[in-house]
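Q: The hints should help you fit chain B onto chain A, whose structure is shown.
Protein chains: 2
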Amino acid sequence: MKLKRGKPKEKFSYDPQKVLKKLEDLAYKILEEVKAGKNPYFDVPTRGLSNVYFDEEARLIKLGDKLSRRYFLNVAHARKFMQTLILMAYVKRLVSEGKHASLREAYYANKHTIPGTHENTFEDQSESDPIIEDLERMLGVLREEMHITADRRGYVYGDIVIKDGEDEFNASKLGMGGWAVPGTVEHIQFPEINVDYVLVVETAAMADRLIEEKYPKRERALIIATQGQASRGVRRLIHRLHYEEGLPIIVFTDGDPYGWYIYSTIKQGSINLAYLSEKLATPDAKFVGMTMDDIKEYGLEHVTEKLKGIPPDKKGGPTGDYKRLIEELNYPWFQNKEWQRQLKLALKWGVRIEQQALANKSLEFVAKEYLPEKIREGKLLP
Amino acid sequence: MKLKRGKPKEKFSYDPQKVLKKLEDLAYKILEEVKAGKNPYFDVPTRGLSNVYFDEEARLIKLGDKLSRRYFLNVAHARKFMQTLILMAYVKRLVSEGKHASLREAYYANKHTIPGTHENTFEDQSESDPIIEDLERMLGVLREEMHITADRRGYVYGDIVIKDGEDEFNASKLGMGGWAVPGTVEHIQFPEINVDYVLVVETAAMADRLIEEKYPKRERALIIATQGQASRGVRRLIHRLHYEEGLPIIVFTDGDPYGWYIYSTIKQGSINLAYLSEKLATPDAKFVGMTMDDIKEYGLEHVTEKLKGIPPDKKGGPTGDYKRLIEELNYPWFQNKEWQRQLKLALKWGVRIEQQALANKSLEFVAKEYLPEKIREGKLLP
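If you're matching them up, the sequences are chains A and B in order. Counting in the UniProt record's numbering, the first sequence runs from 1 upward without gaps. Counting in the UniProt record's numbering, the second sequence runs from 1 upward without gaps.
Derived by calculation from the structure, the hints in this document are not laboratory data. All of these numbers come straight from a predicted model, not from anything done at the bench. Any given hint might turn out to be false.
No copy is singled out in the list; a pair is fine if it fits within one copy or between any two copies.
Stated by the list, open to error - Taking lysine-lysine pairs in the DSS-like style, the calculated list, with each CA pair at most 25 Å apart, reads:
1. K173 <-> K217
2. K80 <-> K361
3. K99 <-> K217
4. K99 <-> K361
5. K4 <-> K163
6. K163 <-> K173
7. K306 <-> K344
8. K163 <-> K217
9. K163 <-> K214
10. K214 <-> K2
11. K368 <-> K92
12. K99 <-> K173
13. K80 <-> K22
14. K323 <-> K62
15. K9 <-> K296
16. K99 <-> K368
17. K306 <-> K337
18. K368 <-> K286
19. K214 <-> K92
20. K92 <-> K361
21. K4 <-> K379
22. K35 <-> K296
23. K99 <-> K214
24. K11 <-> K344
Only chain A is shown next, with the shape it has when bound in the complex:
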């Protein structure tokens, strides 16, 4: 199997004017209602599991079409109504001025006492975060498009040219460090791409191993280190590199329920962020390892570790790794024989295998044999 860049399916879509237009349209609607003496309201797509489903065709976790109507003249709704308008005004200012704020800054910036009362606009960040999520759902835009940045984590190494504002640089010419992925990647462009695919790697130590072994150059791969669960910025970057630049996505994590969960989130999206799956998830992603079959295949029995938690057939179980494993066995997107086999083997053996355990063969092994062989022979999980 030779990995090659394919045709793009999406276009660069960052457009602050579009976001401003949506905000203004919504605000004008409210204004008209006020002028007409009506009770103004927002229609907010309902959150929670009851309004989430797995779209088999698109292979994405998606948001349903249930709406909750939030009125101004309703004692139960008025506070949230006010908070929504405050944050809409704030986002408009951010986007107009080309500035970004973190969720925490957005909270602090908008916390004040309402004149003539002892009431605060927001008591806690747990009040402002959900309103920003509501705005994402109502407007159908990512909070990054509203210039509210997410936590940043993860870095990139490989032969592509990244353009961020006026700066342009090659992400394989930054020494061993690599480029730190910012909280928002909406505006990033890729004027030059000299790689055939993206290898997403769970741990920094493994990404560094591959960089040191010159894997990116030899295999024409772009390495993205997630450093644990992939941040929103990294997930959006993966999505864009696949859909806008046509790069195949291969994911490489530890062989354990947490690693597989990281893969699942990159591929299918998460239930919490179901309304964002179409922009954050990459259902075409494939999984190279680690798998339970790798343990036998590569003779790694003596460097496995025990799963944490209580197995389902023991008192108090399942907990820990076992609990997550059982959940994964039931994921709609893991209902195929390859994944069922790996998950059931993990349950049966009660072990996990780390990426770095491959160092037991030799430091080079992962870069010169394990990955190239598995990818060449197409030994990838769906």
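A: Quick look at chain B alone, frame taken from chain A:
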């Protein structure tokens, strides 16, 4: 107070040959003892609090001169003796070949069953990590100099040219992302420095704020984001920028016991790593904020948060933030009126103040007023 680059006090010192020489000298000593029919041994500086002290003059946490002798022909020592030799051989190979390994890889790579026995060389990483620390102490080198890399975290933004192997780039031309600090910075060089000082920032969100506000350019500052507790790589980078490049170091954290602990570790080193203070710590570092006095000075009373845990005068206390606060009150390096005042105010008021709370004034406030004013007026804590 105008911050300016001063004279270097240390030189670029990375020299793999020096490390190899030390390893070989030690190995030859053992070999000679074996040849002479003697019982071979290592002298290992004793770990633990009993062998750690605060050097008032150097203002550093340092390791004392107590030694433990580890014999081969001693049932209680033989296993560790073997492990030490295994890891010495491994480090020699790494350094000779110019390769790096993580602590975890070093463990996996050296775990095997001793032929003819059921005994493993290492059962767990908790056996190999302390041996690597022993080697650091015995040889007086950082584990990074032995090519064992630490966890990587943190990024850098500002007008300096970084040279890593054949790559050279300006850390202010990488868009908003910045340069991801690698696990090992020993070999990094700085051919060009166009900044007057280093501003070390605890949170990524605040570092990103300052970058967006063009603080690095306007104030000729290099931003280093630690993203929580500073990684070893970041601490070594700060040390080198100060001692080899003469840059003043200013630290900016949340105004809470954890933020002050981050500062303390950058400045004085930590008890666990006392033997490394001379290479990792930077006693000349100064602290700009957040302080308890900032709360009144800038009218931030309504955006403080309560300290976590139980106060010392309540049943079960002190725990959480309060416990750390009490410890900090007793640190030798916080025995000055400025720090005692801040720590006691925190204890009295029971509150903390975050960096991002400054967004309550305006997004620009921190970059255009708070930091420039405090630094210009020299309102820095020792």
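Q: If the cutoff is 25 Å on CA atoms, where do K323 and K62 land: within, between, both or neither? Let me know, please.
A: within (24 Å within a copy, 46 Å between copies)
Q: Pop the pair K163 and K214 into one bin, within, between, both or neither, using alpha-carbon distances up to 25 Å.
A: Answer is both; intra-copy 24 Å and inter-copy 18 Å each pass.
Q: Tell me, please, which holds for K368 and K286 at an alpha-carbon limit of 25 Å: within, between, both or neither?
A: within (20 Å within a copy, 47 Å between copies)
Q: Which holds for K9 with K296 at a C-alpha limit of 25 Å: within a copy, between copies, both or neither?
A: neither (39 Å within a copy, 55 Å between copies)
Q: How would you label the pair K80, K22 (within, between, both, or neither) given a Cα cut-off of 25 Å?
A: Within one copy, since 19 Å is at most 25 Å while 67 Å is not.
Q: How would you classify K306 and K344 at a CA-CA limit of 25 Å: within, between, both, or neither?
A: For K306 and K344, only the intra-copy Cα distance (15 Å) is at most 25 Å; the inter-copy one is 47 Å.
Q: For K163 and K173, with the copy left unspecified, which applies at a CA distance of at most 25 Å: within, between, both, or neither?
A: both (14 Å within a copy, 10 Å between copies)
Q: Have a look at K99 and K368 and pick one of within, between, both or neither, based on CA distance no larger than 25 Å.
A: between (44 Å within a copy, 15 Å between copies)
Q: Is the C-alpha distance from K173 to K217 at most 25 Å within one copy, between copies, in both cases, or in neither?
A: Classified as both; 11 Å inside a copy, 23 Å across copies.
Q: Given identical chains, is K163 near K217, meaning Cα to Cα at most 25 Å, within a copy, between copies, both, or neither?
A: both (20 Å within a copy, 20 Å between copies)
Q: Can you give me the call for K99 and K173, within, between, both or neither, at a CA distance of at most 25 Å?
A: between (29 Å within a copy, 19 Å between copies)
Q: How would you label the pair K4, K163 (within, between, both, or neither) given a Cα cut-off of 25 Å?
A: Classified as within; 23 Å inside a copy, 32 Å across copies.
The structure does not agree with the numbered hints 15, 22 and 24 stated previously, though it agrees with the rest.
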